[in-house]
Amino acid sequence: RAPFSPAGPEQRRDEEGGPEEEPAAELLEKLQHPSAEVREYACASISRVLQQQQAIPAFLQRDVVRCLGPLLMDHSLAVRETAAGALRNLSACGGFEVCDDMVTKDIMTPLVALLKECSTGLDANQLSPKKRRETDKNYIEDIANEAINLLWNVCECNSTAVSIFNKEGCLEAVLHYMKKFSTNVDLAISVANCLQAVTEDNPDLLSSFNASAQQVLESVMLCPESTMKHILLRTLIAGTVWNIKDTIPPGSLGSMVNAILKIFSESLAIDAGETIIRMNEAEKNRLKLAVEAETEENMSDVTDNCVLNEDDDMEEIPKGKVRRENDISDLLPSDKWELKEVTALLMAQQTALEIIVNMCCSEDPSDDEWEELSSSDESDLFMENSYNEGSGLLMSPLCLSDEVNSAFLNNLIPKKILEKTAFPNSVALDICMHNPSWKPLIKKLNAVQCRALTCLHSILLVSDVDCLGGASALQSLAQHLSQLVFSNTELPTDTEFLEAITSALRALLQTMASKNISQCMTPEQLLALCEAGIHSSNASVRVNVVSILGISGSVLAKGQDTAETLKMIGKFLLEVAMKESSLVVAGEALDALFDVFADGKEAEKAAVQIKLLPALKEFHPVFKMRMRKEGKGQYSTDQLCVLDNVKMNLRRFIAYQETLGKTPT
Numbered sequence: 001r002a003p004f005s006p007a008g009p010e011q012r013r014d015e016e017g018g019p020e021e022e023p024a025a026e027l028l029e030k031l032q033h034p035s036a037e038v039r040e041y042a043c044a045s046i047s048r049v050l051q052q053q054q055a056i057p058a059f060l061q062r063d064v065v066r067c068l069g070p071l072l073m074d075h076s077l078a079v080r081e082t083a084a085g086a087l088r089n090l091s092a093c094g095g096f097e098v099c100d101d102m103v104t105k106d107i108m109t110p111l112v113a114l115l116k117e118c119s120t121g122l123d124a125n126q127l128s129p130k131k132r133r134e135t136d137k138n139y140i141e142d143i144a145n146e147a148i149n150l151l152w153n154v155c156e157c158n159s160t161a162v163s164i165f166n167k168e169g170c171l172e173a174v175l176h177y178m179k180k181f182s183t184n185v186d187l188a189i190s191v192a193n194c195l196q197a198v199t200e201d202n203p204d205l206l207s208s209f210n211a212s213a214q215q216v217l218e219s220v221m222l223c224p225e226s227t228m229k230h231i232l233l234r235t236l237i238a239g240t241v242w243n244i245k246d247t248i249p250p251g252s253l254g255s256m257v258n259a260i261l262k263i264f265s266e267s268l269a270i271d272a273g274e275t276i277i278r279m280n281e282a283e284k285n286r287l288k289l290a291v292e293a294e295t296e297e298n299m300s301d302v303t304d305n306c307v308l309n310e311d312d313d314m315e316e317i318p319k320g321k322v323r324r325e326n327d328i329s330d331l332l333p334s335d336k337w338e339l340k341e342v343t344a345l346l347m348a349q350q351t352a353l354e355i356i357v358n359m360c361c362s363e364d365p366s367d368d369e370w371e372e373l374s375s376s377d378e379s380d381l382f383m384e385n386s387y388n389e390g391s392g393l394l395m396s397p398l399c400l401s402d403e404v405n406s407a408f409l410n411n412l413i414p415k416k417i418l419e420k421t422a423f424p425n426s427v428a429l430d431i432c433m434h435n436p437s438w439k440p441l442i443k444k445l446n447a448v449q450c451r452a453l454t455c456l457h458s459i460l461l462v463s464d465v466d467c468l469g470g471a472s473a474l475q476s477l478a479q480h481l482s483q484l485v486f487s488n489t490e491l492p493t494d495t496e497f498l499e500a501i502t503s504a505l506r507a508l509l510q511t512m513a514s515k516n517i518s519q520c521m522t523p524e525q526l527l528a529l530c531e532a533g534i535h536s537s538n539a540s541v542r543v544n545v546v547s548i549l550g551i552s553g554s555v556l557a558k559g560q561d562t563a564e565t566l567k568m569i570g571k572f573l574l575e576v577a578m579k580e581s582s583l584v585v586a587g588e589a590l591d592a593l594f595d596v597f598a599d600g601k602e603a604e605k606a607a608v609q610i611k612l613l614p615a616l617k618e619f620h621p622v623f624k625m626r627m628r629k630e631g632k633g634q635y636s637t638d639q640l641c642v643l644d645n646v647k648m649n650l651r652r653f654i655a656y657q658e659t660l661g662k663t664p665t
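Numbering follows this note's numbering, with no gaps: position 209 of the sequence shown is 209.
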């Protein structure tokens, strides 16, 4: 999230000295100064310093929350805004523990009071267009924006804050701000982010979403504006509507899902790489025109000065001071609207993909709930045409129910998800690499790719082979995922990407194995991937690669002349089981061994050659001892349950191997 960036008198002072150098105690003391300008300066200085995480402890030790909290209701609107901005930065940069501390120190009391007062004054604060042009600032909306971001941060981190949100009836005030979406999209986006956070797993709030509240959300979803910020706004509101789907009448649920997926489809259809290229060019052209205009303006100033100097009775106008007196744009950062548009697009795509994952994981709706959607002529027609085109996975829906499938298919969701799994546009990456202000977009581009892979993983878990397009579509998908892993000379090392790609591969290979579909990844490729993944610091990556090897090994065990490959797989899995620091990963490695060497002549031959049975008999008491020592306190109840099953299966597998009569003499 973008932290609060104060602008005004404190920024001018920063150029002269720099508030960062002032100790925390001095800045906090200035919060009590009788001058509103000094209090504003202190708040804005604290806001800036709090963006440096190493500075936060010094302020927490001096009770910064209780010092800033009362200023949310200061008589000066400027102080309110900068105080809210400072608290916003504290919550954003401090993390979960700091947010918990803020709630403990009762930040919600002044924050709720501020939100309600701003909501009440929102309409009364509307100024005439002429007045707005003179001031260029709407304090009420700007204060509300900072306050909403603070509320979003603490509610996302702290359940008590969410309970207070429910109890104090904050929803009405927050939705009142949302009504400003047509004139203040930035405020609306902040509200939408907050709404998505407070509506997630919050059944106590559902009763507050009456027809009037739902109408506000619907009006935003139907907004025709096509800017990237508006696309992000609609995406966030669509996520909120999905969170409160239990309040939607059954007869309207189908059309609601179609509306949500249409918004996601609109977002995912945009090529982020091409957008970066186009917006970067637009920024260059805008800056070029600005330089030319400034040059012409300076030339005009020189001419004016020459004329004025000829008249001794007239005062000389200082060079460059031809703008109106209250224009402080030269003190503010340059307008980055192109960058903001691209950032909004990437956030919209990431949000859409995350919500689709949630939709895949939710329970199937009843047939009655989907009556409206199932009767849609448009959906039926599209379904019919798509299957006639034989486009397989790229056009196939999810197999949650016929009606949900129709909605996914109608909006081309699987096709667009697959497109997002590709690596980002190389030209766009180059632009970002060589432009410091655009460089943060690289991380966002990679995040979208990882979310798309996670989406693909979810689709594979809830779909059957026919709905995925059949064996050929799955083999094509396997080839695509292989290219993502092996396209570069070096295997990927990024933890987030590795977790996403190995999760997708694991689900795909499991689906293919269950239907006896031949796999197109070679054993050498699989072993190379597993060698890279097993050294990851992320336990989920290690679990995934071990499972992938187990799935592939169990398939190979059914084939001919595979003993040598099975030996390599067996040695790898044995080493992981015995040396892995995480019991969960070690348990997964044992499970994989059970699958690979469960049956088949080739597996029996390989097991004898790698001395599998003696190794497991020797390791059995070691594994039991590790579970006794490490199990309690380090692992969840679910993990311990799985490990108990592994321990029991290890004993059974040893007994099974002994019955085969293959023990070396």
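In case anyone wonders, no lab produced these hints; they're calculated from the structure.
Any given hint could be a false lead.
The calculated DSS-like cross-link candidates involving lysine-lysine, where the alpha carbons are at most 27 Å apart (straight line), are [as the list claims (entries may be wrong)]: (1) 629 / 617; (2) 336 / 167; (3) 558 / 617; (4) 245 / 180; (5) 288 / 245; (6) 229 / 443; (7) 284 / 340; (8) 229 / 105; (9) 601 / 629; (10) 632 / 611; (11) 558 / 601; (12) 647 / 579; (13) 284 / 415; (14) 515 / 601; (15) 229 / 515; (16) 647 / 624; (17) 262 / 415; (18) 629 / 647; (19) 167 / 262.
Remember, predicted model here, so these are calculated numbers, not experimental data.
Which of the listed hints are broken here? The structure breaks hints 2, 5, 8, 9, 10, 13, 15 and 19; every other hint is satisfied.
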